[in-house]
Amino acid sequence: MPPAGGGRAGPGPLRSRGCRRPPGPSPRAASPAPAPPEARPPAAPAGSRAALALVTLLSFASRFHRLPEPPHVCWDETHFGKMGSYYINRTFFFDVHPPLGKMLIGLAGYLSGYDGTFPFQKPGDRYEQHNYMGMRGFCAFLGSCLVPFAYLTVLELSKSLPAALLTACILIFDTGCITLSQYILLDPILMFFLMGAVLSMVKCNACADRPFSASWWFWLSLTGVNLAGAMGVKFVGLFVVLLVGLNTIYDLWDLLGNLSLSLVMFGKHLLARVLCLILLPLALYTAMFAVHFTVLNKSGPGDGFFSSAFQSQLIGNNLHNVSIPEHLAYGSVITMKNLRMAGGYLHSHWHLYPEGVGARQQQVTAYLHKDLNNLWIIKKPDSDADLSDPSSPVEFVRHGDIIRLEHKETSRNLHSHQHEAPLTRKHFQVTGYGINGTGDSNDFWRIEVVGRKPGKLIKVLRSQVRLTHVATGCILGSSGKTLPKWGWEQVEVTCTPYLKDTPNSLWNFEDHINPKLPNISLDVLKPSFAEILLESHMVMIRGNSGLKPKDNEVTSKPWHWPINYQGLRFSGVNETDYRVYLLGNPVVWWLNLFTIGLYLLTAISTAVALKRGVQLSSELKELSRVVLRGGGQIALGWLLHYLPFFMMGRVLYFHHYFPAMLFSSMLTGITWDTLLKFFAGFLSPSTAARRVYGGGILALVLLIMYSFYLFHPLSYGMIGPMASDPSSPMAGLRWMDSWEF
Amino acid sequence: MLGFLKNPVVVTAEINVNLVALTVMGLISRLWGLSYPRAVVFDEVYYGQFVSLYMKRIFFVDDSGPPFGHMLLALGGYLGGFDGNFLWNRIGAEYSMNVPVWSLRLLPALAGALCIPLAYQILVELQFSHCAALGGALLILLENSLITQSRFMLLESILIFFILLAVLSYLKFYNLQRHSSFSASWWVWLLLTGVACSCAVGVKYMGLFTYMLLLAIAGLHFWHMLGNQNLSNVGGGWLFCSYPCLGDLSLKTCSVSLLCHFLARGLALIIIPVAMYLSFFYVHLTLLYRSGPHDQIMTSAFQASLEGGLARITQGQPLEVAYGSQITLRNVLGKPMQCWLHSHTNTYPIRYENGRGSSHQQQVTCYPFKDVNNWWIVKDPGMQQLVVSNPPRPVRHGHIVQLVHGITTRYLNTHDVAAPLSPHSQEVSCYIDYNVSMPAQNLWRVEIVNRESDTDVWKTILSEVRFVHVNTSAVLKLSGASLPEWGYRQLEVVGEKLSKGYHQSMVWNVEEHRYGKSQEQKEREVELHSPTQMDISKNLSFMAKFTELQWKILTLKNEDTEHKYSSSALDWITMDTNIAYWLHPTSGAQIHLLGNVLTWASANVAAVIYVCLSLWYLVRRRRKIYDIPEDAWQLWVSAGEICVGGWAVNYLPFFLMEKTLFLYHYLPALTFQILLIPIVLQHLSDYLCRSLLSKTMFRALIVAWFSSVYLVYCTFSPVTYGEPSLSVAELKDLRWKDSWNILIRKQ
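Chains E and Z, in that order, give the protein sequences.
Under UniProt numbering, residues 1 to 741 are what the first sequence spells out, in order.
Under UniProt numbering, residues 1 to 747 are what the second sequence spells out, in order.
These aren't lab readings, by the way, just hints derived from the structure by calculation.
These numbers come from a predicted model, not from an experiment.
Treat the hints loosely; a few may be bogus.
Said to hold, decoys possible - A short, non-exhaustive set of chain E residues, derived as facing chain Z with CB atoms under 7 Å:
| hint | residue |
| --- | --- |
| 1 | Leu256 |
| 2 | Gly257 |
| 3 | Tyr498 |
| 4 | Lys611 |
| 5 | Gly613 |
| 6 | Met647 |
To be verified - Pair by pair, the computed Cβ-Cβ distance ranges are:
| hint | chain 1 | residue 1 | chain 2 | residue 2 | range |
| --- | --- | --- | --- | --- | --- |
| 7 | E | Ile563 | Z | Asp63 | 23 to 31 Å |
| 8 | Z | Val436 | E | His369 | 34 to 42 Å |
| 9 | E | Asn258 | Z | Tyr282 | 54 to 62 Å |
| 10 | Z | Gln384 | E | Pro726 | 28 to 36 Å |
| 11 | Z | His130 | E | Ser213 | 52 to 60 Å |
| 12 | E | Asp251 | Z | Lys732 | 52 to 60 Å |
To be verified - List time: in silico EDC-like cross-link candidates among lysine to aspartate or glutamate, alpha-carbon distance up to 16 Å:
| hint | chain 1 | residue 1 | chain 2 | residue 2 |
| --- | --- | --- | --- | --- |
| 13 | Z | Lys56 | Z | Glu307 |
| 14 | Z | Lys564 | Z | Asp576 |
| 15 | Z | Lys497 | Z | Asp416 |
| 16 | Z | Lys564 | Z | Asp43 |
| 17 | Z | Lys624 | E | Asp254 |
| 18 | Z | Lys497 | E | Glu740 |
| 19 | Z | Lys497 | E | Glu575 |
| 20 | E | Lys485 | Z | Glu353 |
| 21 | E | Lys453 | Z | Asp738 |
| 22 | Z | Lys56 | Z | Asp83 |
| 23 | E | Lys408 | E | Asp371 |
| 24 | E | Lys380 | E | Glu395 |
| 25 | E | Lys379 | E | Asp401 |
| 26 | Z | Lys552 | Z | Asp63 |
| 27 | E | Lys485 | Z | Glu485 |
| 28 | E | Lys516 | E | Glu395 |
In this text, a Cβ means the ideal position worked out from N, Cα and C, and glycines have one as well.
Based on the provided sequences and hints, a complete structural model is requested.
Rendered as structure tokens:
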């Protein structure tokens, strides 16, 4: 422990502090950070570089300690490790998160010699000879960087070495942060970019007195790069974008009020921020998707989530490199795919609806796999003329036409009537009806293309089509609900009387066979990159909102998180297993929680005191600035990374809190440092004040270290009896009944 | 002594004719032909059933909102002498003679009519001219959608009334603040703000948005007050306080009046609304004391507090569960439906359809109906007897028991076999000894979840209990899945190994209970079939009932119902959607929720102008360029806080909501947006029309625009009032937007 720096004498004026190079080898900024002008006094508290080195060393040591253990798949490694392998194998897959995190994992694996052959089937699978250390090491490396980042951020905001050390100490000795950094997960990558963005934002603010200098540009663009990185790993990155955005708006507002700044200069400031914080991240974000789609060019498990047009781009997909007629004509044999995510093909088979489920006619369902029973023939409503006769002229189907769809295998017509649908009772039942194509007027459907004028031709793959039942006016759709066993667990197809254009009621034509028409290559229909980008985002957003908790499932609630109510099992359940349990160091977390309340009190009383016009000494002024401006930024970050989860409908997990926890830890460092300084300031001899202040910080640090000593088996693994057993080394540490170790 | 007779008695009355005229016009527009149509219109079918239940004093739970609105509607029914006998099953059904249609619809209509003078007053209090205020009130008067919504037994007009009342009271209070703090009228308006807010929240939870807005504005105003250095020493003294100003102890300034201001606001804007809100529930629960159709959503304890229903059965049960007790166990969760732990002689199939095997032992399920097979006997593992000893030995928290199924006398058992539908959990069965080296594992530890001490006795109805399996630590749980044919579609019960904390699906309570007396199985069966009887009554405190009911209202999720007229929040701004409320059974007469198109469009334009102008002013002020005088700017800002703020808080949250949305959800936001029109118009005329000529032209334009608003109102009034009946051609002419769904009868 370096000696606590004591109350720094003489706080400088607000904007006079120069832009300093990050003391020590910050891993990202190592090379090109330009040297600051010589005239600047070294404003960093003495010993900050040595402290940084120490902190970084401890951080790396704690994250890399026992990294290879356990040598089997832990928790979500089964997803993200698998996805890393997909990149190495160039197989297309679908995930609800943007691709950057998994691409980096894949890259790390590739560089470290992992060949992508391990299947990552389920947690607990042994890695055996496969080289997984590269991927884990990469994540641990990024996870270790969080501590120096937080240290530098707090140092910059509070100008106080003890505050920075306290923060670093909290993060180094938090079991949760260690555990989360040690496995192949997206979280260390996300948090790395997130903290990187915060650090560069704070550094850039510190350079505000020298705008457009090289270091100013450097930090500003680095902020942008980190924002793109955070967004590219998980959509949670949006919150840090929001934080930086708010900070920028505040900054610009400040500049606008500065009348000595001409409007031209202000315009330059604005442009620079637009360039670095909007355009640059957007370009990088788009670029990573471009890489994603270029790398993954083989058909894989993610195909079904995407539209037919997209699938035609994947090597190995049955739509790849085929040529089919472009415009739909009467007599064509087609398959229809529902446009909802993972929507199936319109399907029918020889089985009837069972007794008591609507009319006892042939079932019509949506089926996710390719099958001969997905084939339908488009016919005119009235004529039974054999359209397959090669001599008859080709007649195209047009928007607004009334058609009949005949199932190719069973020769029944697509039919609907006013019986209630099997599962969605408010909709009408859809059946196959008629013999050899002869049915009744309930077999007629009007075909309409979304957003087109009547009379236009209908394109394969690209036209979004709605089929309206002529007799009842309802629309053919797939409800997405799975039929019981009599329906072979295929998806229900209904006719909905509620006329809304949802993807559920829109279809496109995928296969198209008509020997009379010229085939065109599907490459003509190739979606543009912008379309692919948009589509993949729609699919991701829908996938995210589709992750709904099931009834009777115990889920983690956001209010559980700050109180460290319940952790996550990373590995092992039974007494004989090697168990790792993701749980924050309770002392640290409860200290954080308590400090948030404390900070709120401090900030409110400071703000009220200032508002009431209380005269403060210059030292107190400096303290109040740290509390309101520096602490405010961090508190805002905590709010932005925590509150939105209360409004999310998707399944939530404990680890979602960790970005907020980083902010909370930084807030703890700043608040305690300020409060101790404030109260020590009342003591008369300055030596006593320094002793109280230093002693306070030291006590906190020692408390945290001791609690880490108690709880370290949570992250480094436990074998043997559970904590409820008195013979366990963790006995007596199960302070809450909800902890399961 | 009689000196006062020297002067004549004079009563001076000041009557604002504008207000009177507006009120009268409002009453006419909202009350005209109120009992037409004499049929169920749209959501009357929904609220009507609750009115009927109030009349019959039968308990219900409505997840759409708190009970105050329903109670007001019921008050109308009560005043009209409604007996509650009407079957609310279909929109368009003719009302029978006993339904006092007029008085049922009276309160919403009155509330709707009173919104017009309120709007006038609000604009006056915002310091805009009487002319602008009159214009704003007239726009509200001529707004077809507000008229339609007010004329039926619906809640929106009442909600809007309370929202506007709250805003008006706050403005009055704030304007009094400057010269007469703590005067009587200051207190009245402050308290009225709180009362109106709680009424708005009590009618619909949407009222919360406006409440929050007012709280924020009050907070902001108080913050400005803090900056007022003169305030700390004056005005106080009547309330002892010690509020040392921070950091500067030498001055000993004690901001008495600031603290008093703070306390007064806290009392009126937080404590009173909370108290009022609780009182709504108190009245609600006092009125509804009979058991009814929604009983089963509530816990057994709640049900037992209602007259009839469960109370009849559980009345007089022994309270403490003892060894030998015969009990039924209800799952506390109540989802997907309430059910009781059940077993029957059928066994699990040897192989399931997917090829997995089972133990082939007797099925244990959760059964949603009362049945003799729901009875279980609590047995002491150390003793053989199945009757209660004398004196009874109560079961306490932590005791180990066996549960014996009453009819089949098999023991509740779980073992390391995958459950039929949830393979990650253990199968729960009633143990049959097949002699296949699968020993009985039938010991369960009773854990009372809501215990006060670790020696608590297991109580009927009141105790929520977890059963922890002694051998495997699995917890008895309702998985929520329903079994296939072989399990008679009853609900699956499993042993949950990875118990992640508390979840209601793992908690059970004893519902029916009696002390077993019969030693022999045959006698016992007879005993099980006999009804329970004895006498002890249990009463829940109001707070317990309130918490439970409130929790149920907030968490109860009706199945996502798609509705023909549901819309998305984005459709509302441009009114791309409408709702057909009623259609005459024979003629083309119909009622639609359809706004005054011109007013909606103008309101949007006004909002855009307001935002753009504000931004422009704001940026310019930042550069120290002042386009308008400072006091005009303050007025402009405070008008925006109310009107744009009111619009935003009542509209934007709907984008985050996942429930089914309808056009009428937009009406509160719309009201605020309409109030913005006269504000923007007056501002434009005052500050942007510099020359006399432009001012005159602007006024002419406003008059022309106003007459077209009136024309549009007249055009749509047939579908607003439902008469006169229109011909097909006329109806087609009314379909100004393709997305509107005007009902045209096929000839």
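Checked hints:
1. A least Cβ separation of about 5 Å between Leu256 of chain E and chain Z falls short of the 7 Å threshold, and the interface hint therefore holds.
2. Using the Cβ-Cβ criterion of 7 Å, the hint placing Gly257 of chain E at the interface with chain Z is satisfied: the shortest such distance is roughly 5 Å.
3. For Tyr498 of chain E, the interface hint holds, since its Cβ comes within 7 Å of a Cβ in chain Z; the closest pair sits about 5 Å apart.
4. At its closest, the beta carbon of Lys611 of chain E sits 5 Å from a beta carbon of chain Z; the interface hint therefore holds under the 7 Å criterion.
5. Annotation: interface hint on Gly613 of chain E holds; nearest CB of chain Z at approximately 5 Å, less than 7 Å.
6. With a cut of 7 Å, the hint placing Met647 of chain E at the interface with chain Z holds, because the nearest CB-to-CB distance is about 6 Å.
7. A hinted range of 23 to 31 Å holds for the C-beta pair Ile563 of chain E and Asp63 of chain Z, which are about 29 Å apart.
8. A beta carbon spacing of about 41 Å between Val436 of chain Z and His369 of chain E agrees with the range 34 to 42 Å that was offered as a hint.
9. Between Asn258 of chain E and Tyr282 of chain Z the beta carbons are some 58 Å apart, a value that agrees with the proposed interval 54 to 62 Å.
10. A hinted range of 28 to 36 Å holds for the C-beta pair Gln384 of chain Z and Pro726 of chain E, which are about 34 Å apart.
11. A beta carbon spacing of about 59 Å between His130 of chain Z and Ser213 of chain E agrees with the range 52 to 60 Å that was offered as a hint.
12. In this structure, Asp251 of chain E and Lys732 of chain Z meet the distance hint of 52 to 60 Å, their C-beta atoms being roughly 57 Å apart.
13. At roughly 12 Å between alpha-carbon atoms, Lys56 of chain Z and Glu307 of chain Z fall within 16 Å of each other, so this suggested pair holds.
14. With a CA separation close to 14 Å, the supplied pair Lys564 of chain Z and Asp576 of chain Z stays within the 16 Å bound.
15. As the CA atoms of Lys497 of chain Z and Asp416 of chain Z are separated by approximately 10 Å, the hinted pair is consistent with the 16 Å bound.
16. In summary, the hint linking Lys564 of chain Z to Asp43 of chain Z is supported, as the alpha carbons are separated by about 13 Å, within the 16 Å threshold.
17. Pair hint Lys624 of chain Z plus Asp254 of chain E holds up; C-alpha atoms about 13 Å apart against a cutoff of 16 Å.
18. Between Lys497 of chain Z and Glu740 of chain E, the direct Cα distance comes to roughly 12 Å. Compliance with the 16 Å bound is thereby established for this hinted pair.
19. The suggested pairing of Lys497 of chain Z with Glu575 of chain E holds, with an alpha-carbon distance near 14 Å, which does not exceed 16 Å.
20. At roughly 10 Å between alpha-carbon atoms, Lys485 of chain E and Glu353 of chain Z fall within 16 Å of each other, so this suggested pair holds.
21. In summary, the hint linking Lys453 of chain E to Asp738 of chain Z is supported, as the alpha carbons are separated by about 15 Å, within the 16 Å threshold.
22. Distance restraint check for Lys56 of chain Z and Asp83 of chain Z: the Cα-Cα separation of roughly 7 Å lies within the 16 Å cut-off, and the hinted pair is therefore satisfied.
23. Distance restraint check for Lys408 of chain E and Asp371 of chain E: the Cα-Cα separation of roughly 12 Å lies within the 16 Å cut-off, and the hinted pair is therefore satisfied.
24. Annotation: proposed proximity of Lys380 of chain E to Glu395 of chain E holds, straight-line Cα distance about 10 Å (limit 16 Å).
25. Restraint check: the Cα-Cα separation between Lys379 of chain E and Asp401 of chain E comes to about 11 Å, which is no more than 16 Å; the hinted pair holds.
26. Taking the CA atoms of Lys552 of chain Z and Asp63 of chain Z, the gap is near 8 Å; set against the 16 Å cutoff, the hint holds.
27. A C-alpha spacing of about 11 Å is found between Lys485 of chain E and Glu485 of chain Z, which places the hinted pair at or below 16 Å, so the restraint holds.
28. Restraint check for Lys516 of chain E and Glu395 of chain E: satisfied, since their Cα atoms lie roughly 10 Å apart, inside the 16 Å limit.
Violation of the numbered hints given earlier is absent; every hint is satisfied by the structure.
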